[in-house]
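Peer 1: Residues per chain are reported as follows:
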Amino acid sequence: MDNTILIEKSVIILVVFAITMLMAMYMTLAERKIAAWIQDRIGPNRAGKGGILQPLADGLKLFAKEEYAPDTPNKFLFVLGPTISMTIALITSAVLPWGDKLHLFGRDIILQSADINVGLLYIFAVLSVSVYGIMIGGWASNNKYSLMSAMRAASQMISYEIAMGLSIIALLLMTQTLSLREIALQQNGMNWNIFYQPLGFLIFWICSFAETNRNPFDLAECEQELIGGYHTEYSSMRMGFFLFAEYASMFVSSAILSILYLGAYNYPGMDWAVENWGVNIANVIGMLVLFIKICFFIFVYMWVRWTLPRFRYDQLMNLGWKKLIPLALFNILVTAVVILLLK
Amino acid sequence: MSLDTYSFSGRKKQVSNKKLTWLESIYLVAIAKGMWVTLKHMFRKKVTISYPEQTRPFSPVYRGLHMLMRDDEGRERCTACGLCALSCPAEAISMTAAERKPEEKHLYREEKYASIYEINMLRCIFCGLCEEACPKQAIYLTKSKVFAKSNSTRESFIFGKEELVMPLEMAIQNSKQNQA
Amino acid sequence: MIEILFYILSTLTIGSAVLTILSKNPIHSAIWLVVSFFSIAGHYILLNAQFLGMVHIMVYSGAIMILMLFTIMLMNLNVTNEIQKPFVTKIVATISFCLVGVLLLSIAMRANQSFELNYAQTGEDFQSVHVLGKILLDEYVVPFEMVAILLLLSMIGAVLISKKDKKVA
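Residue numbers (UniProt numbering), protein chains in the order written: chain A, 1 to 343; chain B, 1 to 180; chain C, 1 to 169.
This is chain A alone, in the form it adopts within the complex (with noise of 0.2 Å):
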């Protein structure tokens, strides 16, 4: 028993891992496609049909570069960089539910690395951590504009995520839980919480825009002041993984997103299809469904990109203080009266 659920866990957590790895390597492909659509270009469609094949062609493009690290006094940190950043983007999927269950081999698998009870905080707390990769390797960088850009990252991250935090305080008080497997069963059939909370949806969403250092608050990396920011200094496949661990973290912040507040794997109609169709594709169609919704997400995080232009620094430090915070304590304050009205 005790190996089954060992075997079954390193299942799921190797084919989060593909398929995070796997998407962040798409994404790419697919900011390209849609920077091309948007300016009315057509894209890279060179590698492979209709440019396909571009995400490995850039890859090895990377891999094959030399790898060249300036002249530091700290070649380790230099390293721990990106490996931080890579890290961090990685660990975030293990507690979100990416379907509610399977019943195979006489036995219902459900379908999450790790239903922790405290799986909001986790997020949150890998998120607020999620800034040392770049704090480390843009100071490691001996360079003043990447030490710029790490501060400029710090203090943006530091500064959106109490907005984000007071947004899904709003939300817990209508869950009243933080496991994330919960909060997606309770979110059954049209149940969605941005129905509920729909200002604080729209807090929660900007702030991820901030905390993936999008655009447009990508004040971290601009390349008109800071010629790329934390990642000047990096080469080769070093700076492939600062992207990579961008793209991993927007699929990630995308996942959130959906689960939290889009229904996560529901739909409507899903108990009928449990009960007519089975466990079984119920939950497949739900996983898709799921999919769909992060894609979306995805989507609109490279829309955005392709239409907004940069904040100045000041006022992305209005927004986030004066506009999100204020804004985000008033939806707590009417959650809370309304669930107290309601009792």
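It should be emphasised that the hints constitute simulated quantities derived from the structure, not laboratory data. Computed from a prediction, not measured in an experiment: that's the story for all the values here. There may be inaccurate statements among the hints.
With a straight-line cut-off of 30 Å between C-alpha atoms, the simulated DSS-like cross-links for lysine-lysine are [unchecked claim]: (1) A:K343 x C:K134; (2) B:K46 x A:K33; (3) C:K134 x A:K144.
Derived Cβ-Cβ restraints for the label pairs, each shown as a range [claimed, not checked]: (4) A:F76 x C:L67: 53 to 63 Å; (5) C:V141 x A:N191: 30 to 40 Å; (6) B:R123 x A:M317: 51 to 61 Å.
The beta carbon of each residue, even a glycine, is placed where N, CA and C say it ideally should be.
With chain A held as given, fit chains B and C onto it using these hints.
Peer 2: Same frame as chain A, now just chains B and C:
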């Protein structure tokens, strides 16, 4: 109406530094508008031309690679007078003249012809002055409809008669068309 | 299994803590401190206090240490421009460190027994956020609110300090 306020294009706008209202300051409306614009662009017709497969159509007066013309009987028109070389502002053209032998009457129209005719495509500015200077209507830039292709050595950009003279098939086709 | 984990974590904690003190470079020091905080969070999780472990990572590694690193990086402290402290300061520091060590050791040795008594009896799941929240807002509501007021005060203080005095200028 003073010049300061008059709008020649009809699109002039007064710059306003008014303070944003609260709704504007959270940017949501403006963002939604911008997103709608880019979304519309995603489904527009793409302007890209996938080059080696598709090419842009040439204009009828496009000046491309030079062509040394043949007449209706397939004879070279050039008489190696050197006026093209003289008129060339970039000094790209050079030639060597030779006298036509009796048995070569079917090859060259005039009694004198260019045994060597070279244009340096790195120097040529495709101005078309050679075409205007030619008294025999022997050189044209508008007929070939091809570019001077890129290459990796300088020598290969000196185009000789092999590259420049009109291909025989083209001459045959032309004369057929003229007879019909 | 858990004992092995405990020993590994303990070595990590103490080792990184020692390296925090011994590192010449302040940045290295701070990073070792982060490692130390992480392993302490590991201890919490080993004790089945998941909530505490996560909050520890969030607050200490995620917020406080980032701000520390932030400051150190901006100040650009190097090994070369480190201020040499006088000999007396070093001696005083050593003595006070030893005293604190003795104090902590004595506390740890005395507290050894009272630990196991309550936990086994209640049968409640103390790692759960529900129980924790109920206890905090029921039995310990006064200290809880006190802490909240203290935090609020320090926040207001920070805002006041950072605000520019317009009258003077």
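Peer 1: So, for every hint listed, does it hold in this structure?
Peer 2: Structure-based check of each hint:
Distance restraint check for K343 (chain A) and K134 (chain C): the Cα-Cα separation of roughly 18 Å lies within the 30 Å cut-off, and the hinted pair is therefore satisfied. Only pairs whose Cα atoms come within 30 Å are accepted, and K46 (chain B) paired with K33 (chain A) is accepted, the gap being roughly 12 Å. In summary, the hint linking K134 (chain C) to K144 (chain A) is not supported, as the alpha carbons are separated by about 49 Å, beyond the 30 Å threshold. Here the CB-CB span from F76 (chain A) to L67 (chain C) is close to 23 Å, at odds with the stated 53 to 63 Å.
V141 (chain C) and N191 (chain A) have their C-beta atoms about 33 Å apart, which keeps the hinted 30 to 40 Å range intact. Restraint check, R123 (chain B) to M317 (chain A): a C-beta distance of roughly 59 Å satisfies the suggested window 51 to 61 Å.
Comparing the model with each numbered hint stated earlier shows that hints 3 and 4 do not hold.
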